[in-house]
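**Q** Sequence:
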Amino acid sequence: MRTQVISTLLRARPATVSRVAPRLARSSSSTQHQETFESFTERYVNFFQSAEDLFEVQRGLNNCFAHDLVPATAVVESALRASRRVNDYATAVRIFEGIKEKVENKTQYQAYMDELKPVREELGIETKEELFSS
Numbered sequence: 001m002r003t004q005v006i007s008t009l010l011r012a013r014p015a016t017v018s019r020v021a022p023r024l025a026r027s028s029s030s031t032q033h034q035e036t037f038e039s040f041t042e043r044y045v046n047f048f049q050s051a052e053d054l055f056e057v058q059r060g061l062n063n064c065f066a067h068d069l070v071p072a073t074a075v076v077e078s079a080l081r082a083s084r085r086v087n088d089y090a091t092a093v094r095i096f097e098g099i100k101e102k103v104e105n106k107t108q109y110q111a112y113m114d115e116l117k118p119v120r121e122e123l124g125i126e127t128k129e130e131l132f133s134s
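Read in order, the letters of the sequence shown correspond to residues 1 to 134 in my numbering.
Derived from the structure by calculation, the hints contain no laboratory data.
Warning: the hint list may mix true and false statements.
[Stated by the list, open to error] DSS-like mimics (lysine-lysine), calculated; alpha carbons at most 27 Å apart, straight line:
| no. | residue 1 | residue 2 |
| --- | --- | --- |
| 1 | Lys106 | Lys117 |
| 2 | Lys100 | Lys128 |
| 3 | Lys100 | Lys117 |
| 4 | Lys117 | Lys128 |
| 5 | Lys128 | Lys102 |
| 6 | Lys117 | Lys102 |
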């Protein structure tokens, strides 16, 4: 019986496979939609307002901070509220670390801190510097 199966397998011909030709021409990058800063801000504010768990908040932060821009304070505020809503204080503190890395100088970072001070006080969030100052 085993030899019969082997001989059947040897005689079997592979089914014809239809191949799809690779696409040689690439669409121009200039035809792709460029998102405006306002639509970016609105998209992430809405995203963080609807985030229901820590994974979503952290995924949104990774995607938001991956762009070559500093998010607007509305996005940061929404992200801070989302991190506190899912009860993750560490992520709220790390948002400020991310902003510190994204801005060009200390003056810009201080401007963010000043504008977000009421939200920080309302949510009880301290920065890394405030937590570890001895």
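**Q** Could you run down the list of hints and mark each one as holding or not?
**A** Hints, one by one, checked against the model:
Pair hint Lys106 plus Lys117 holds up; C-alpha atoms about 16 Å apart against a cutoff of 27 Å. At most 27 Å may separate the alpha-carbon atoms for a hinted pair to count; Lys100 and Lys128 meet this at roughly 11 Å. A hinted pair counts as satisfied when its Cα atoms are at most 27 Å apart, and Lys100 with Lys117 qualifies at roughly 15 Å. Of the pairs offered as hints, the one joining Lys117 and Lys128 holds, with about 15 Å between alpha carbons and a cut-off of 27 Å not exceeded.
With a C-alpha separation of about 16 Å, the suggested pairing of Lys128 with Lys102 holds against the 27 Å cut-off. Straight-line distance between C-alpha atoms of Lys117 and Lys102 comes to about 19 Å, which keeps the hinted pair within the 27 Å bound.
Taken one by one, the earlier hints all hold for this structure without exception.
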